[in-house]
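Novice: One letter stands for each residue in the lines below.
2 protein chains.
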Amino acid sequence: MNRRMSVGTFAKSLYRILKGKPHIPPSVKDNALLQTILQRRSVRRFTEEPIPDDVFDAILEAGRVAPSTVNLQTWSFAVFDSDQWRAKFEHFIPFRGVRAVIILTDTFRLRQAMDVFPYSPLIDHTVGVMNASLAAMNMNIAAEALGVSSVMLSETGRTGLLDMDFLIEKLGLPEGVIPLMTIVFGYAKSAYPPMPPRLPMNQITFTDMYSPADQTVLHDWVDQMEAGYKAMRPGSSFARQVEVYCGKLGEAEKQLQKLIFHK
Amino acid sequence: MNRRMSVGTFAKSLYRILKGKPHIPPSVKDNALLQTILQRRSVRRFTEEPIPDDVFDAILEAGRVAPSTVNLQTWSFAVFDSDQWRAKFEHFIPFRGVRAVIILTDTFRLRQAMDVFPYSPLIDHTVGVMNASLAAMNMNIAAEALGVSSVMLSETGRTGLLDMDFLIEKLGLPEGVIPLMTIVFGYAKSAYPPMPPRLPMNQITFTDMYSPADQTVLHDWVDQMEAGYKAMRPGSSFARQVEVYCGKLGEAEKQLQKLIFHK
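Those protein sequence lines, which keep their order, are chains A and B. For the first sequence, my numbering gives the first residue as 466, with consecutive numbering after it. For the second sequence, my numbering gives the first residue as 466, with consecutive numbering after it.
Read the hints as simulated data drawn from the structure, not as lab findings. Treat the hints with caution; some may be incorrect.
Partial chain B-side listing against chain A, Cβ under 7 Å, derived [what the hints assert, rightly or not]:
#1 Ile502
#2 Tyr710
#3 Gln722
Straight-line Cα separation of at most 27 Å, DSS-like style, residue types lysine-lysine; simulated pairs [unchecked claim]:
#4 Lys723/B - Lys723/A
#5 Lys723/B - Lys713/B
#6 Lys719/A - Lys728/B
#7 Lys723/B - Lys728/A
#8 Lys654/A - Lys494/B
#9 Lys728/A - Lys728/B
#10 Lys723/A - Lys719/B
#11 Lys719/A - Lys723/B
#12 Lys494/B - Lys484/B
#13 Lys553/B - Lys713/B
#14 Lys728/B - Lys723/A
#15 Lys654/B - Lys553/B
#16 Lys728/B - Lys713/A
#17 Lys654/B - Lys494/A
#18 Lys723/A - Lys713/B
#19 Lys713/B - Lys728/A
#20 Lys713/A - Lys723/B
#21 Lys713/A - Lys695/A
#22 Lys477/B - Lys695/B
#23 Lys719/A - Lys719/B
#24 Lys719/B - Lys728/A
#25 Lys723/B - Lys635/B
#26 Lys723/A - Lys553/A
#27 Lys486/B - Lys695/B
#28 Lys494/A - Lys494/B
#29 Lys486/B - Lys654/B
#30 Lys723/A - Lys713/A
Non-contacting residues of chain B with respect to chain A, defined by C-beta distances greater than 10 Å in every case (computed) [claimed, not checked]:
#31 Ser471
#32 Lys477
#33 Tyr480
#34 Phe557
#35 Phe560
#36 Arg561
#37 Gly622
#38 Tyr652
#39 Ser655
#40 Ala656
Beta carbons are placed, not taken as given, at the ideal position from N, Cα and C, and that holds for glycine.
Please take these sequences and the hints and turn them into a complete structure.
Specialist: This is how it looks when you write it as structure tokens:
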């Protein structure tokens, strides 16, 4: 992945990124709701326009009514406007978003409600992460439906899982409440960029038995990611982004194992 | 929670369930996609009407284009129609759904693509569960947008996390691929039921510092859950459902710890 990319590969990869639109079957392409879902993007440039309370309330409501395992609702949401965020973290919301929601897995509240659950820390954590993520996606789509853009952050600016100890201290989280990600909300400053390269459907789906992906397709995808970073974020690099991400994994792994298993 | 419920509490709780609709601010209540998102329900009774391929393809596409950490797409989807499911599992899709997708966390493929990730098993697993759950929710909403109903199953009928060893063997899953849930799809046989009781917004959200939920509100929620089971699923009980769920946690915990930590 650190090999230098030829101009030809760069050009070809960019072309593929631009061609890599969601595949919407013609028979359903007039479905406005589907269009909104498939055209959703992670947005990192926002205007200063505030999000009205009623619009933000509707986004939060989509999180509240999300589905969860046995309807156990193992989530909590820390909600901020830009002033509240600055008061808390002493800097702007990442990418100058105007609202932010820190998505937390929460099995603490569930144990307050029902003291019947056996000690199964890894399953508890997994179910908590699953449910909280369902709520996060529901908020993200509800925002799109209301013309509000967003981006989910788990690393950028100490906003999620990879900085859990920092957020646990900042938010006073009890045992069983773990920060997963921050969703930053605002109105997009410009048109949505091309979709970051997704793997082809035939590489991520199967029927009957699992089959490993095609190495050629995977390397092509890595080339597209690298080309996309070069083109969209001058001076940045996919390889470097992955290095930064990997560099935080060791410490985060220690923190999370300590939180989950108390060791 | 096992205390017997008085007729008064039962009636009051049922009334609260029926009143417990999603709160849609008047100013945004005409938004069709928002309505679709907030009115979504987990559906367990389906007609025999098949889902056309192009409609199902659009649902899968919503999974393919879902957001993920650093766009790493740590998911795979095992897709089935009713015949393929019966050939595989020798029984109908749960609740006689007409299509099913088993949602898998997949860090195996990522390591094939990029051999740069350090050993951080718990973070890998957490990120995998988070991303796969985002894809699952996107599929679920896309289905609703197309008039297709669904239910996410993680326990019923050996379809998810709580039966991972069974599914790993059945699907031939390599290390790093873990079954999370099955989404069952079909056309709803009847009108959507009332929303299962959700906790009030002020109990699941906070700004600044975490505050524990109100015990009275939590017990009221448990009463509503119990009353809802009594009313909607005669002969069943929320307490019993939770007992069944808890009964599977011990074994699942062992299986998952073995898969994640090889111990």
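Novice: Indicate, hint by hint, whether the structure satisfies it.
Specialist: How the hints compare with the structure:
no., hint, in the structure
1, Ile502, "holds (5 Å)"
2, Tyr710, "holds (6 Å)"
3, Gln722, "holds (5 Å)"
4, Lys723/B - Lys723/A, "holds (18 Å)"
5, Lys723/B - Lys713/B, "holds (16 Å)"
6, Lys719/A - Lys728/B, "holds (17 Å)"
7, Lys723/B - Lys728/A, "holds (17 Å)"
8, Lys654/A - Lys494/B, "holds (26 Å)"
9, Lys728/A - Lys728/B, "holds (16 Å)"
10, Lys723/A - Lys719/B, "holds (18 Å)"
11, Lys719/A - Lys723/B, "holds (18 Å)"
12, Lys494/B - Lys484/B, "holds (17 Å)"
13, Lys553/B - Lys713/B, "holds (23 Å)"
14, Lys728/B - Lys723/A, "holds (17 Å)"
15, Lys654/B - Lys553/B, "holds (25 Å)"
16, Lys728/B - Lys713/A, "holds (25 Å)"
17, Lys654/B - Lys494/A, "holds (26 Å)"
18, Lys723/A - Lys713/B, "holds (24 Å)"
19, Lys713/B - Lys728/A, "holds (25 Å)"
20, Lys713/A - Lys723/B, "holds (24 Å)"
21, Lys713/A - Lys695/A, "holds (23 Å)"
22, Lys477/B - Lys695/B, "holds (13 Å)"
23, Lys719/A - Lys719/B, "holds (20 Å)"
24, Lys719/B - Lys728/A, "holds (17 Å)"
25, Lys723/B - Lys635/B, "holds (18 Å)"
26, Lys723/A - Lys553/A, "holds (25 Å)"
27, Lys486/B - Lys695/B, "holds (19 Å)"
28, Lys494/A - Lys494/B, "holds (24 Å)"
29, Lys486/B - Lys654/B, "holds (21 Å)"
30, Lys723/A - Lys713/A, "holds (16 Å)"
31, Ser471, "holds (19 Å)"
32, Lys477, "holds (18 Å)"
33, Tyr480, "holds (18 Å)"
34, Phe557, "holds (17 Å)"
35, Phe560, "holds (15 Å)"
36, Arg561, "holds (19 Å)"
37, Gly622, "holds (15 Å)"
38, Tyr652, "holds (15 Å)"
39, Ser655, "holds (19 Å)"
40, Ala656, "holds (17 Å)"
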